[in-house]
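Colleague: In case you want the letters, here they are:
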Amino acid sequence: MNAPIELRADETFVLNVGPQHPATHGVLRVKMEMHGEYIVNAETVIGYIHRMHEKMGELKTYPQFLMNLSRMDYLGALGYSHAHVLVVEKASGIVVPERAEYIRAIMVELNRIASHLFWFGAFVMDLGGFSPLMYALQDREHILDMLEAVTGSRLTYCYFRFGGLYNDVDDDFIAAARRFVPRMRKSLKKYRRLVTDNVIFRKRLEGIAPLSKEICRKYGASSAVARGSGINFDVRKNEPYSVYPQFDFDIPVYPQGDSLARYMVRMDEIEQSLRIVEQGLDKLPGGPIMPEKKPKLIKPPPGDYYQAVETARGSFGVRLVSDGGKTPYRLKLRSPTYSNMHLFDEACRGMMIMDALAFMGSLDLVIPEIDR
Amino acid sequence: MVAYFTEIYNGLVSLLVGMGITFKEFFKPTVTVAYPYETLTMCARYRGHIELVPDDEGNPRCVVCGLCEKACPSNCISLGGEKPEGGKKKVLTSYVLDFTRCSLCGSCVEACTFGAIDFSKEYNLASRRKEDFIFDLYKRLEERRP
Amino acid sequence: MRLTLINVIVAVVIAIAFAAVNAAYLVWAERRGAARIQRRPGPNINGPFGLLQPPLDGIKLMAKQLTIPGGADRILFIIAPILAMFPAITSFVTIPFSETIVAKNMNVGVLMIFAFASLGSMSLLIAGFSSRNKYSMMSSVRAVSQAVAYEIPMLITAITVVMIAGSPDLMEIVRQQSPSILHWNIFPLLGNSHNILMPLAFLIFFVCTLAETNRAPFDLGEAESELVAGFHTEYGSMGFGLFFMAEYANIVIGSCMTTILFLGGWSCPFGLFPGVWWFILKLYLLIATFIWIRWTFPRTTIYGLLNLSWKILIPLSLANLLLTAGLIKVF
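Chains as they are written, first to last, in our numbering: chain B, 1 to 372; chain S, 1 to 146; chain U, 1 to 331.
One thing to keep in mind: the hints can contain errors.
[As the list claims (entries may be wrong)] In silico PhoX-like links for lysine-lysine, alpha-carbon gap of 20 Å or less:
{"id": "1", "chain 1": "B", "residue 1": "K55", "chain 2": "B", "residue 2": "K299"}
{"id": "2", "chain 1": "B", "residue 1": "K186", "chain 2": "S", "residue 2": "K24"}
{"id": "3", "chain 1": "S", "residue 1": "K70", "chain 2": "B", "residue 2": "K60"}
{"id": "4", "chain 1": "B", "residue 1": "K294", "chain 2": "B", "residue 2": "K326"}
Think of the hints as simulated: they come from the structure by calculation, not from any bench. Note that the coordinates shown come from a computational prediction; the quantities given were computed from them, not determined experimentally.
Full structure from sequences and hints, please.
Modeller: What follows is the structure in structure tokens.
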């Protein structure tokens, strides 16, 4: 980056990016101290869409809180519900039928693809290309249609239950998912030729905002932000949960740490998720989707429980402290974007505003999930 | 010097490839639905706001047990029932759903042991007034009664 | 004398009308084209194929109040959109559409059009400067550095063509290219220069036109994901409308110049039936390419843009200029 220069106070100005700004994709506000086009200092201001989800978790009973999780991250909602149901099941010792776990994994992976597709489109739109967003949305629409046919909603699903699922999948879904996988692979090739190989796109991302491993560890970054910096960490592999050990998939890791590396990690993750979906459909066992023995009222025994999952945006953890009552004593939600975003203040110093906003796009921020 | 020209050449080729893709897309048919003029049918499991399910005679199946009221995380259901003179069971007189607070979680439908409520397929719910979203489902059922 | 004056006035009015109609309907064409590329219908409600959309948009914009932000420089704020539209429309006066259809031919046509083109970036500077908005200010600074960087290779390539034709008169430049496609400046196997690098010059000129008209991928001035809307962030009503129309009028001018300088103006590829229809055909093919490019590529960065100009376009166009000069001397 540029060598630091001594600036007097009257040589800089403060640029208020957000809370209503096209690049922040929501109500994030960044106070940037600028020297011309260069950022001297940046300060992210969050909390514009804080909805007290953690407090609601303490006030509502376990089943009542289920649908709050999908409101946290509207793009990859199922991954968040997954963490919540897993931790409550772990706490109250509910055994989930295998079929339910397989369906959960398939659904979460489909949702992850949908989320990455939306991110891909929005990211390219941040860089000024509009058409890839529309192509990505077309592919995402297929996923949403499949999920809608099973779960009944398109965005804020309330599909997972403690012990199993709300609905079973039908043959139509399985046929649709089987049709979807090759179609998505074809689209990925198209994205590669249209966007990834494009010289303008590469010039904008290559070498921009390189993040070191240290800074990722310092802020607790996960997902593509960490994996783009060469940290091989994925909760699905490192702390396996659900039925993920049964699947054969790779964790894409790129050592460069620049915006292009983060982009490549996510694009490769779509391919890996497709592999998981394929294997899940092949291995899908029969059987019930809800356990036969299930406590009528969920009252986990007193204790401290934690479960992390790999959502589309990174490592999402739910810490549940129970005092044996109908509602949790404390429900801490560790949201991945919160950690990923706080890199921005430190990493964007000395960058030009165009690169900084491209960098922000590559972090894949979903603001309701930061504020929660 | 060679690298300088190969870079320019490769860059140009990548741009032309991208233009080729958009050119092909130009001639493909549109995929959108012109919404107010065409509508899609909602899938069987679509979750709209809840609706009372009538029995064979067109009366609500609801027995006013209040399970849905308790299950609702947002307190948007309020039931009214009274015992008719001489009758043993409570009869539903009003079922008010405050849809402004509903988040379509479906807890009420799952809580109901009598199959008295179900999701509707309605999605055209736009209005300028907040009161339009406070439905009396009992009245709606009466209106639907043949 | 009087008769010629009336002729000129009528011609000027027709030229202005052509510019305005084009500006309005290119918005429609762009929206329809973009929609087709993205596989949606685009504006299709108002009138057949949505053809009434531009006039209705115009009425809507005119019906709105022109707000001037507090603290803005009122005079400059109002002048800027007019200054954006004025050179775009005036340039049409000297564009020869065919041997006979030209409002006022000048023997220094090339010079005049480039002089007016550089006035366009002036209006962006004034708009950004007078709005009292940090985003607008940054945008106008970008627009100026962009204009400075891209006018140089553009003028160098134009001068190459002028050298080949031996005259800055637009009519004369077209006449030199008239005989056949092999005389066109884009691929001049016959004619004066025999320079096989001319396709490259055409490409340079085309890229410069994109940059000069602030079109994607060089739309740094109004980079909507960074600078909100750039220099016209604070403009509403017809002030915004004028900026919007000026953008399309500039595209038409740029395409006209490319057609005249490189594609043989109104001449037919095979030397048959030359006429205005050939000009129109070439013009709209170029404009379609503008639209096509906009909806395909992401935006460049400001330094990427300056690098492209100073490191690639200017050296190449200079080399081409020298080569052409040598070839003209030899043949």
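Colleague: Among all the numbered hints in the text so far, which are the ones the structure does not match?
Modeller: none
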